[in-house]
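Protein chains: 2
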Amino acid sequence: MKSKEKPLILVTNDDGITAPGVRALVQMMNEIGEVYVVAPDSPQSGMGHAITINSTLFCEKIKIDEGPQSDREWACSGTPVDCVKLAITRILPRRPDLCVSGINHGSNSSINVIYSGTMSAAVEAGIEGIPAIGFSLCDFSYSADFFAAEDYIKKIVKESIDKEMPKGMVLNVNIPKLSKDKLKGTKVCRQAKAVWVEDYDERKDPRGRTYYWLTGKFENRDKGEDTDERALEDGFISVVPIQYDMTAHHFIAEMSHWDL
Amino acid sequence: MKSKEKPLILVTNDDGITAPGVRALVQMMNEIGEVYVVAPDSPQSGMGHAITINSTLFCEKIKIDEGPQSDREWACSGTPVDCVKLAITRILPRRPDLCVSGINHGSNSSINVIYSGTMSAAVEAGIEGIPAIGFSLCDFSYSADFFAAEDYIKKIVKESIDKEMPKGMVLNVNIPKLSKDKLKGTKVCRQAKAVWVEDYDERKDPRGRTYYWLTGKFENRDKGEDTDERALEDGFISVVPIQYDMTAHHFIAEMSHWDL
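Taken in order, these protein sequences are the chains called V and F. Numbers 15 to 274, taken from the working numbering, label the letters of the first sequence in order. Numbers 15 to 274, taken from the working numbering, label the letters of the second sequence in order.
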């Protein structure tokens, strides 16, 4: 990017365009670039990489709060991935220099990356060749302090612009629930091998039909010291570079012994 | 697995439990193991790794056709990933030995793996430590010939059981639209670097509001000879081993030069 141009930053999320987390991120990004917001009109948590193919999408201009971006915001009826596709194809005046997604209300560390609408939006930007970063705060509260990590968030964004991340690279940034003075810094790490051990709460509806609510317990089975879970436990902001080639390259040779 | 036990096979898909593709797969799997079907009650294409967290799930026993599995089928109101989670946690009598998903109506090769409900169901089984295979036929037609590749499908399933795939390994199998005598065999390959170049068809609803339909063109930008796209072009069934650690391991060292 030429140094004198202001970067065009696409902001999106999965908690919906009015969520405090994205409003905080918009405010921070206004200091760094020219912000456009295209985000879901309603909560889309857990939507993963879902796209809307069997129904229509609405996407309307909306004014939410005062700020340099206030006439550059759109609320979209689709998923976070829809927002990114539609923004790039139809809404933005040019390709964005960066896409930031979040700040998510709740962790997207380790295996959560795959279920997360926030991270899937960032990954979609990555697929489209746009550097992207997803931010999540490990605090579900509506009144969580999204500004405790403000300095780190801005530093990560600026570095990703200055260092020109390779195409297709995406950062998954998770912030522990700590006050500003307790945050220990950032750590670049790998995704921990953790899982959700599900349970389903089984109930009867008024007509006697069985229905289920998903519940579950997060279990980190990875004792590695270089994981995002470990960094968060230790009070660091975890930064995991991620990519979307899902090929298990090491297993291709192994399969030459298969009789297929 | 002990050789005398019949493997318990969980069958699911994303086109819905009555789709011809899954009915064909059920029929084939009945010859190999004890089949349980837990699949969406309606089409869920493009749902990626979405899960249902903000609403309830229904999952009811359903009898669709005659066969050994006919009293072991459930239709679920959720996404393909919900089906797998619910099957493992609540429906099946024990952990399945294998999960097969599909046969999808349409390709899930290259980047499609990330949008695909079919493949996300298989990946979810992988996350839960269950060997899993997703099958897709590159033919959207309702009357597509799902049996042309029957021998190959059964061979791949049997090999994956005999060779005991490592935990977390998932196969993405795509079948070209060819008659049985034209199929050239199988090829183990990597995911091609291909993308969808989107466009959105913009229209006005009767009230004058703008809405959009997703359209797009698939573009394979990867000239490699070891890709799934190349195998399919050449008349082979592509088999890509996939995994769900999205960490860009090679970039972690690179980031040590960043000022974070």
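The set of hints was computed from the structure by calculation and includes no laboratory data. Possibly wrong hints are sitting among the right ones.
For identical chains, the list gives no copy identity; a pair is met inside one copy or between any two copies.
Listed next, the in silico DSBU-like pairs over lysine-lysine satisfying Cα-Cα at most 30 Å (straight line) [said to hold, decoys possible]: (1) LYS218 / LYS181; (2) LYS20 / LYS196; (3) LYS207 / LYS77; (4) LYS218 / LYS77; (5) LYS181 / LYS201.
Against the structure, the hints come out as follows:
Proximity of LYS218 and LYS181 under a CA criterion of 30 Å is satisfied in neither setting, with 50 Å inside one chain copy and 36 Å between copies. Taking identical chains as interchangeable, the C-alpha atoms of LYS20 and LYS196 are never at most 30 Å apart, the minima being 33 Å within one chain and 55 Å between chains. For a Cα distance limit of 30 Å, the shortest separation of LYS207 from LYS77 qualifies neither inside one copy, at 41 Å, nor across copies, at 38 Å. Only between protomers do LYS218 and LYS77 lie at most 30 Å apart by alpha-carbon distance; the minimum there is 22 Å, versus 42 Å within a single protomer.
Within a single copy, LYS181 and LYS201 get their C-alpha atoms as close as 22 Å, and across copies as close as 28 Å, so both meet the 30 Å cut-off.
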